[in-house]
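Note that the protein sequences, when read in sequence, are chains D and V.
Each position in the first sequence, counted from 1, maps to that position plus 21 in my numbering.
Each position in the second sequence, counted from 1, maps to that position plus 183 in my numbering.
Calculated directly from the structure, the hints in this document are not laboratory data.
Be careful, since some hints might not be right.
Label pairs and their computed distance ranges (CB to CB) [to be verified]:
1. D:Leu38 x V:Ser247: 35 to 41 angstroms
2. V:Ala337 x D:Val837: 44 to 50 angstroms
3. D:Arg332 x V:Ala337: 43 to 49 angstroms
4. V:Val225 x D:Ala741: 56 to 62 angstroms
5. D:Gln317 x V:Arg320: 31 to 37 angstroms
A few chain D residues that don't get close to chain V, going by computed Cβ distances all over 12 angstroms [to be verified]:
6. Gly162
7. Arg163
8. Glu283
9. Gly337
10. Val383
11. Glu612
12. Ile775
13. Gly776
Beta carbons: idealized from backbone N, C-alpha and C, even for Gly.
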Amino acid sequence: MLRLSLRNLLVNKLRLLLTLSAVTVGVSFVSGTYVLSDTMVKAFDELFTGLTSGTDVVVRAEAAYDADITTTGGQLRPLDEQVVDDVRRVPGVAGAEGTVAGFALIVGPDGEPIQPKGAPTFGTNLHADRALSGAGRIREGRLPAGPDDLVVDATTAEKAGFRLGDRVDVIFEQGRRTFTLVGTVGFGDNDSILGATLAGFDLHTAQLVLGKPGQVDEVDVRAEPGVGAAELRSRIAEVLPAGTEAVTGEQAADEGVEQTREALGIFTTVLLVFAGVALLVGSFVIWNTFNVLVAQRRRTVALMRAVGATRRQVLGGVLVEAALVGLVAGLLGLVVGVGLAAAIRSLLTLVDVELPTTSPAVEPRTVVVALAVGLGVTIVAALLPAWVAARVSPMEALRETPAPTRGSGRVRHTAGWAVLAVGTALLAWCAVQGNQRWWTVVATGTTFLGLVFVGPMLARGLSRLTDRGRPGSPWRMASGNVRRGSRRAAATALALTIGLAVVVAVAVTAASLKDSVTEAVEGGNRSDLILEPAGLGPGISSSVADVLRERDDVGAVVEMREWGAQVDGDGVLVTGVDTVGLDRVIDLGVESGSLTALRPGRILVGSTDAERLGVGPGDELTVTFTETGPQRFEVAGTFDKGSLVNATYVITLPDYDANVTSRLDAAILMTSAPGVDPDEAKAAIERAVRDYPNVTVSTPEDVTRDARASVDQLLGIVTALLLLAVVVAVLGIVNTLALSVLERTRELGLLRAIGATPPQVRALVRRESVLMAVLGAGTGVALGVGAGVALARALEAEGITTVTLPALTLVGYVVVAVLVGVLAAVGPARRAGRVDPLVSLAGAE
Amino acid sequence: MTTSLPRPAHGISGSPATADERAYAARAVHARKVYGVGDTAVVALDDLSLDIPSRQFTAIMGPSGSGKSTLMHCLAGLDVLTSGTVLIRDTDLATLSDRERTILRRDRLGFVFQSFNLLPTLTARENITLPADLAGRRPDPEWFSTVVERLDIADRLAHRPSELSGGQQQRVAVARALINRPELVFADEPTGALDTKAGTELLTFLRAVVDQLGQTVVMVTHDPGAAAYADRVVFLVDGAIVETLDQPPRDAVLEVMGRLGG
Numbered sequence: 022m023l024r025l026s027l028r029n030l031l032v033n034k035l036r037l038l039l040t041l042s043a044v045t046v047g048v049s050f051v052s053g054t055y056v057l058s059d060t061m062v063k064a065f066d067e068l069f070t071g072l073t074s075g076t077d078v079v080v081r082a083e084a085a086y087d088a089d090i091t092t093t094g095g096q097l098r099p100l101d102e103q104v105v106d107d108v109r110r111v112p113g114v115a116g117a118e119g120t121v122a123g124f125a126l127i128v129g130p131d132g133e134p135i136q137p138k139g140a141p142t143f144g145t146n147l148h149a150d151r152a153l154s155g156a157g158r159i160r161e162g163r164l165p166a167g168p169d170d171l172v173v174d175a176t177t178a179e180k181a182g183f184r185l186g187d188r189v190d191v192i193f194e195q196g197r198r199t200f201t202l203v204g205t206v207g208f209g210d211n212d213s214i215l216g217a218t219l220a221g222f223d224l225h226t227a228q229l230v231l232g233k234p235g236q237v238d239e240v241d242v243r244a245e246p247g248v249g250a251a252e253l254r255s256r257i258a259e260v261l262p263a264g265t266e267a268v269t270g271e272q273a274a275d276e277g278v279e280q281t282r283e284a285l286g287i288f289t290t291v292l293l294v295f296a297g298v299a300l301l302v303g304s305f306v307i308w309n310t311f312n313v314l315v316a317q318r319r320r321t322v323a324l325m326r327a328v329g330a331t332r333r334q335v336l337g338g339v340l341v342e343a344a345l346v347g348l349v350a351g352l353l354g355l356v357v358g359v360g361l362a363a364a365i366r367s368l369l370t371l372v373d374v375e376l377p378t379t380s381p382a383v384e385p386r387t388v389v390v391a392l393a394v395g396l397g398v399t400i401v402a403a404l405l406p407a408w409v410a411a412r413v414s415p416m417e418a419l420r421e422t423p424a425p426t427r428g429s430g431r432v433r434h435t436a437g438w439a440v441l442a443v444g445t446a447l448l449a450w451c452a453v454q455g456n457q458r459w460w461t462v463v464a465t466g467t468t469f470l471g472l473v474f475v476g477p478m479l480a481r482g483l484s485r486l487t488d489r490g491r492p493g494s495p496w497r498m499a500s501g502n503v504r505r506g507s508r509r510a511a512a513t514a515l516a517l518t519i520g521l522a523v524v525v526a527v528a529v530t531a532a533s534l535k536d537s538v539t540e541a542v543e544g545g546n547r548s549d550l551i552l553e554p555a556g557l558g559p560g561i562s563s564s565v566a567d568v569l570r571e572r573d574d575v576g577a578v579v580e581m582r583e584w585g586a587q588v589d590g591d592g593v594l595v596t597g598v599d600t601v602g603l604d605r606v607i608d609l610g611v612e613s614g615s616l617t618a619l620r621p622g623r624i625l626v627g628s629t630d631a632e633r634l635g636v637g638p639g640d641e642l643t644v645t646f647t648e649t650g651p652q653r654f655e656v657a658g659t660f661d662k663g664s665l666v667n668a669t670y671v672i673t674l675p676d677y678d679a680n681v682t683s684r685l686d687a688a689i690l691m692t693s694a695p696g697v698d699p700d701e702a703k704a705a706i707e708r709a710v711r712d713y714p715n716v717t718v719s720t721p722e723d724v725t726r727d728a729r730a731s732v733d734q735l736l737g738i739v740t741a742l743l744l745l746a747v748v749v750a751v752l753g754i755v756n757t758l759a760l761s762v763l764e765r766t767r768e769l770g771l772l773r774a775i776g777a778t779p780p781q782v783r784a785l786v787r788r789e790s791v792l793m794a795v796l797g798a799g800t801g802v803a804l805g806v807g808a809g810v811a812l813a814r815a816l817e818a819e820g821i822t823t824v825t826l827p828a829l830t831l832v833g834y835v836v837v838a839v840l841v842g843v844l845a846a847v848g849p850a851r852r853a854g855r856v857d858p859l860v861s862l863a864g865a866e
Numbered sequence: 184m185t186t187s188l189p190r191p192a193h194g195i196s197g198s199p200a201t202a203d204e205r206a207y208a209a210r211a212v213h214a215r216k217v218y219g220v221g222d223t224a225v226v227a228l229d230d231l232s233l234d235i236p237s238r239q240f241t242a243i244m245g246p247s248g249s250g251k252s253t254l255m256h257c258l259a260g261l262d263v264l265t266s267g268t269v270l271i272r273d274t275d276l277a278t279l280s281d282r283e284r285t286i287l288r289r290d291r292l293g294f295v296f297q298s299f300n301l302l303p304t305l306t307a308r309e310n311i312t313l314p315a316d317l318a319g320r321r322p323d324p325e326w327f328s329t330v331v332e333r334l335d336i337a338d339r340l341a342h343r344p345s346e347l348s349g350g351q352q353q354r355v356a357v358a359r360a361l362i363n364r365p366e367l368v369f370a371d372e373p374t375g376a377l378d379t380k381a382g383t384e385l386l387t388f389l390r391a392v393v394d395q396l397g398q399t400v401v402m403v404t405h406d407p408g409a410a411a412y413a414d415r416v417v418f419l420v421d422g423a424i425v426e427t428l429d430q431p432p433r434d435a436v437l438e439v440m441g442r443l444g445g
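Only chain D is shown next, with the shape it has when bound in the complex (with noise of 0.2 angstroms):
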């Protein structure tokens, strides 16, 4: 049987291509995922391993929580510097220095901030001692020694073209000052860290500049030889106060790629679903062929069955078959993934995200689950066919005519139509009632498997509706084809109805979310002008609130601070604020409670959480920090418009700041003064903020039209790769085609014979191409936008205030889902335009 299934793989090698192409593009995706956040993580861990590589023991506060590192930058509560003497004293201890870091933003010669893409900015104090710094060293000059000294990474020195002796400027959390450049540092091969940019001080400085005097975030230990890392990690925690740890080396490190690993997990995943589409579209190309192929070998498995072979080796050899496309899609998949991750590196190098040196990590669990899952696709989508063609009667092959084709049962029309009726009125209960994300996810899929059914009959009700001219026209031909062969043409275009409907759901939603974002900026902002950090800067300087509030021509400034800390478990976001001035920048759009009863102990919180938490005004909430641990706080009260600036959990900036080390605003919000020209207002204040070039002021209408521009560049990266699930679908339109082609040799034969010329063969052939396209295009645009409502309405909590349908991106979907069907026929039917006229002729295959 084996042989036979290799044989029928190797007949037709198009065929074979086009059927692994379909599987290769999901596996590829899953097994490139991979690879790429594998070699992530595995470049982090060298990184974090060369730089801890001196270091033996670490002394640190303790965490209440491992916090999510993108929302705290790993920030914990700095400890007084004191702790370090107390350490040095500890037996075996050959050198202990304390560390803080924080927010530093070296300025350009140009004036312009050197800002990293996705890269932290950050100043920190180097090491007197050599070996503490690990792999980090001074490339040039020397290390910083007084309060004028500064040493950056060599990535930014060669970037900005800095030279020793340079006059450099550098903002801080609190103000911008001007150094000397004294040296640069590089990190063993690296020349920066994840292309991080460095600003490098004294210990008495960074405490300065960094806002810690007198404390250190944690404190470098190295052992005595013949001291070992986890027998001084005891000894030291002896001597440290309560609420301070000390960790070895190691565990630091591998905390810090643990950290790394889990804020890459959440673009694995996203990419992984991604990728699931792809393969789901996949899996019903796949299915469709093996259905036409058992359709058009029916005859040899008849004559085989005749011969003989069992049931079971009938089955058996058709699984086989998929099983061996399976595999070759998985390694095919698996080469194909290297290849990409390692060109998505070279493109976000492009882009400058700086990445560290290594080689691509081909982990062992990419290898079996790019194989598992080439396999497992292929195999459960053939299962169907490869029953039927068990189910074949040995008689058939003494037949002469092949039997009728059963249609699809009056049991399978009541239920389908049935299931889709369940579906579409989930569907609309979703859109109506809002926050329904999981229901609306089973609505989404009911409704799919209702078209599953029905999908033979959608397609003989368009073969009818364009069953129309002149009878012999190709329009009729091509209706009769797709009529007769309503299940194939079905089963091809619910690929195409997968990749549209998700591309779809995603247009519809990016349309609503846009509209919201309008809608609450011209609903809830009273604030003339917005502060806030340029490219993707973490904050502004608290002083520039300083700078805003001496001026005569500003009336409110309200700064924004945001932190990450947790509620109930769940990762949150809390936000501090101005209260004086707050109602005169923004309407919360309080509900219960009041705004003026926000006060220092009191938080607001946003009507969705309040709900699910069941706390209202005068009840208890308790918010837990990672730097300070539980705090208790009473509910002022409850709003629902905070989307504006993000915000679910409202508090006074002096509960913020007793919690939260950074004091970065995230945003400033002011009012002019009365009197003050609105045109002249914004220039004036990029005037007065001209010492921090990393502020961008802005109008309302900037911040709406910045925000409409960041959704559609979301959604162009989102729809480009749901579009690769959509060139999967074209390659089973291509595939069904070919193989009926094929099929229908005889019957394109008899048309050249009795006269038809090739152009009009190709024509019957786009045609049928076509209307597959339309029949997908319709049926997926239509539960693109149903399941694209229900999700908008889902978001409701987001911040998805309103649901917009772009008409006119639908229309271009349709448009060219009909152009792709065009093009998809141009390999088949040029086949199918030059078949000879003579097979027709041949007697009876």
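The hints should help you fit chain V onto chain D, whose structure is shown.
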């Protein structure tokens, strides 16, 4: 099948042909067709010359591999000669492009195949008018009804091929071959897939098509009974004509076939 077809009585065209009627519908002149090259080359037609008279029923017979199918393919413009000439009336097929040959087939020739070859998605009516539709022409309604009545399928026009008997399907195929009033109708083993009764009916119809509608029919067959319906039977062996019988009785055909080893 080869034994029971009775010798039909000839129709009204039994009278001597006039000069005009003796005009040729098609001619093959020094036709040579070689498949393959070198040692593997097979000569299918070997310097063969043949005239197909207008308004007559010509049968081409011969054992398997005698070149009768190749001859028909080349006459019909489905295949091209290695050397020599095929003329459809005055048109030299060798001078035509593939597209021109296609249009010639569509407008001037008709085909009937052994295995019916109807399009399963089209009704009988649509199958019949297909050549006209492909040409973008409206079939002549009078001619259409003449043909379908003569072939006795007028009441089956709305049916799809799967709803017709084999004989009916083949008659639809004949109607399709006639719809453009072709100069020449080619039939390739038209009774091969039919039972005896349906086969007899079909041959009677073909005879009537020649006698009453004035068409020219060329039929390839290896069935002497079928050949006996023809005005003229041409015997082929190894790509060359070895004998020609006019108005042959069935026994004469049988005798020649037996001699030729068919």
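Here is how each hint holds up against the structure:
Range check, Leu38 (chain D) to Ser247 (chain V): about 39 angstroms between beta-carbon atoms, so the 35 to 41 angstroms window is met. Checked against the hint of 44 to 50 angstroms, the C-beta distance between Ala337 (chain V) and Val837 (chain D) comes to roughly 48 angstroms, which is consistent with it. A hinted range of 43 to 49 angstroms for the beta carbons of Arg332 (chain D) and Ala337 (chain V) is consistent with their spacing of about 48 angstroms. Between Val225 (chain V) and Ala741 (chain D), the C-beta spacing of about 57 angstroms keeps the proposed range 56 to 62 angstroms intact.
The supplied range of 31 to 37 angstroms is met by Gln317 (chain D) and Arg320 (chain V), whose beta-carbon atoms lie about 35 angstroms from each other. Once the 12 angstroms rule is applied to beta carbons, Gly162 (chain D) is consistent with being away from chain V; the minimum gap is 81 angstroms. Consistency note on Arg163 (chain D): stated as away from chain V, and its beta-carbon is indeed over 12 angstroms from all of that chain's, at 85 angstroms minimum. Its beta-carbon lying about 58 angstroms from the closest one in chain V, Glu283 (chain D) satisfies the requirement of being farther than 12 angstroms from that chain.
A cut-off of 12 angstroms between C-beta atoms confirms that Gly337 (chain D) is not in contact with chain V; the least separation is 33 angstroms. The beta carbon of Val383 (chain D) sits about 51 angstroms from the closest Cβ of chain V, which is more than 12 angstroms, so the claim that it is off the interface holds. At roughly 64 angstroms from the closest C-beta of chain V, the C-beta of Glu612 (chain D) stays outside 12 angstroms, upholding its exclusion from the interface. Once the 12 angstroms rule is applied to beta carbons, Ile775 (chain D) is inconsistent with being away from chain V; the minimum gap is 5 angstroms.
For Gly776 (chain D), the shortest C-beta to C-beta distance to chain V comes to about 2 angstroms, within the 12 angstroms cut-off, and the non-interface label is violated.
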